[in-house]
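Work out the full structure, taking the sequences as your base and the hints as a guide.
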Amino acid sequence: MLRWLRRGAAAIGAGLFATLFVVFLVQITARFGFNQPLPWTDEAAVMLYVWVILWAAAFVVPEREHVMFDLVWNAVGRRARAAMRVLGHALIGGLAAWALPASWDYVHFMGREGTPVLGVSFQWVFLPFVLLLAALVVRSAWGIVRALRGQDLEDAGLPT
Amino acid sequence: MSTPLLALGGVLLAGMLLRMPIGFAMIASGIAYLALKRQDLGLAAEQVCNGLYNSYVLLAVPMFVFAANLMNAGTVSERIFDFCRILVGRLRGGLAQVDILVSVIFSGMSGSAIADAAGPGLVTIRQMLKKPEYSPGFAGAVVVASATLGPIIPPSIPMVIYALVSGASVGALFLGGVVPGVLMALLMMVVVHVIATRRRMPREPKVPRSEWGNVLFRGALPLSLPIVLLGGIYSGAFTPTEAAAVAALHALLLAGVVYRALTWRALFGVVLESTRSSAVITIVLAGSFLLNYAFTAEGVPQAMAQWVDTMDLTPVQFLLLVNVMFLVLGCFLDVSVLLLVFVPMLLPAVKVLGIDLVHFGVLVVLNMMIGLIHPPFGMLLFVIKALTGIPIGAMMKEGWPFIVMLLLLLVAMSIFPQIVLWLPQSMGYGAK
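Protein chains in written order, with the numbering used here: chain A, 1 to 160; chain B, 1 to 432.
Just so you know, these hints were derived from the structure itself, not from any lab. Since we're looking at a predicted model, the values are computed, not measured. Built from N, CA and C at the ideal position, the CB exists for glycine as well. A few of these clues could be false.
Derived list of chain A stretches under chain B, where covered just means 3 residues or more per stretch with a C-beta under 8 Å from a C-beta of chain B [to be verified]:
id: 1; stretch: 56 to 70
id: 2; stretch: 75 to 88
id: 3; stretch: 145 to 151
Here are the simulated SDA-like pairs of lysine to any residue, each with C-alpha atoms no more than 25 Å apart in a straight line [unchecked claim]:
id: 4; chain 1: B; residue 1: Lys131; chain 2: B; residue 2: Lys37
id: 5; chain 1: B; residue 1: Lys131; chain 2: B; residue 2: Val215
id: 6; chain 1: B; residue 1: Lys37; chain 2: A; residue 2: Val67
id: 7; chain 1: B; residue 1: Lys37; chain 2: A; residue 2: Gln36
id: 8; chain 1: B; residue 1: Lys37; chain 2: A; residue 2: Ala90
id: 9; chain 1: B; residue 1: Lys130; chain 2: B; residue 2: Gly389
id: 10; chain 1: B; residue 1: Lys385; chain 2: A; residue 2: Leu71
id: 11; chain 1: B; residue 1: Lys351; chain 2: B; residue 2: Phe416
id: 12; chain 1: B; residue 1: Lys397; chain 2: B; residue 2: Val215
id: 13; chain 1: B; residue 1: Lys37; chain 2: A; residue 2: Val137
id: 14; chain 1: B; residue 1: Lys385; chain 2: A; residue 2: Ala75
id: 15; chain 1: B; residue 1: Lys37; chain 2: A; residue 2: Glu63
id: 16; chain 1: B; residue 1: Lys385; chain 2: A; residue 2: Glu65
id: 17; chain 1: B; residue 1: Lys385; chain 2: A; residue 2: Glu63
id: 18; chain 1: B; residue 1: Lys385; chain 2: A; residue 2: Val67
id: 19; chain 1: B; residue 1: Lys37; chain 2: B; residue 2: Ala297
id: 20; chain 1: B; residue 1: Lys37; chain 2: A; residue 2: Asp105
id: 21; chain 1: B; residue 1: Lys37; chain 2: A; residue 2: Phe109
id: 22; chain 1: B; residue 1: Lys37; chain 2: A; residue 2: Ala134
id: 23; chain 1: B; residue 1: Lys385; chain 2: B; residue 2: Asp334
id: 24; chain 1: B; residue 1: Lys385; chain 2: A; residue 2: Asp152
Negatives, chain A to chain B, calculated, CB over 10 Å [to be verified]:
id: 25; residue: Met1
id: 26; residue: Leu5
id: 27; residue: Gly13
id: 28; residue: Leu16
id: 29; residue: Arg31
id: 30; residue: Gly33
id: 31; residue: Phe34
id: 32; residue: Leu38
id: 33; residue: Ser103
id: 34; residue: Gly111
id: 35; residue: Arg112
id: 36; residue: Val138
id: 37; residue: Ala141
As structure tokens, this is what we get:
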């Protein structure tokens, strides 16, 4: 179940990215091929970009791939690492949870305005930020559970 | 310092020391700041979302990442390698010289040092490790050093981000990186030559003349791209963002159609990988929007400018001081954090002292590259260690001549802005 969710999230992320690339190709072809710049491509590209980045950060990128500072982690034993994970997740997840209602209010409020050309409600454009905060809350809770069970405490694989 | 600002610093520091992702720690610290300031927490959403939505130039980043990943998946690196082997393989320490030249060419298409190390760097490292004359430490050091050319020679992902932060022109920044990049490559070749002669490293065998035509033709194809890119951006035909998409299309056609080295399945993998690395780069940026909001609200950059003003520095002294700060801070912080948080604080001072923003930008990027190759945060060292297993200590032992050389060049560029500014100015930058 979890695996399918993860795959689905990755496929959506990759699909958004591929669409972003295609929008650029359409824009360039229209401008240089037909000498007729399209009004909507810039806007569509920026919207897709906001989605790609925040969606991928929330649901696609595994934690170990993020930019992290691991000097302390590498210097301490398993018990200290478990404590680090509980504290760190409580800090990030707690603050994300705190900001979640107000962030949703803001994004919902922005629904009254549409983008200039396509008229897409900003509620939809900015929604992934709320999803990111929600994902941080859930991920942090899950991370604390796993740390208490003694999981995820190995030397991290470094970003490749 | 105000309490909210202290809370921000505290959460950020705690998050980093506890090994949380730095981008998320930045967002959390921004939330802590807003909470203690009793401001609407929805400002967090506003700053991050509008920051991303209004930064059109940033769209170049995912496209350059995509282009580099496509070239690595599409054996473009191997073709460039064969091409360069004909050109410089007959020198002593031929493989190391080939590596530097490969990096120069690859840098003209990619703007990321990590992609350079993981792609063409890995190709040459494998060849060097087959020959006992090249010690693993030396092989790793050469590849790590030459990978720093990636973001100096245009295109360049850090320069795009700097352009966003500072308002400098992307085209002028790209041109400003050309001369320093060529100088770096030449100096690296000199360093390799001295070491190779002393250690009697081997030359590469001759490639039969009959094979030259084909190898040179296939290797020269990727070379057409940098010219199109720079010409296009600088003449104003493309925006930097469109140029990045053109670079990705060029790489896709080369890998998929010309070299036929890309299956649909591999293409999906490349797209997914590009999505992930773009998110990793950009989420730190998203966090920095919040931090910079807080710093601006507290007047930190202005305070820095005033402080610099009271020290009565000349521009050169200021630049040298910045270089030292980068070296020291680079031991504690990732270079992307330095670019996004530290550089915006310095910019008012840069303007007060009348330093050219393009000159400063290229210096900043070179400083970042040096930060990528010295411990403890030298990301390039980690990448090569993860890919090849060469210990970081061994690379450091062989790497110091390259670091010394880069530092000397950095000092020279700080004192003589013309090294950076000559090319953009002769193409019309800054003309009034």
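List of violated hint numbers, smallest to largest | 3, 4, 6, 7, 12, 15, 27, 28, 29, 33
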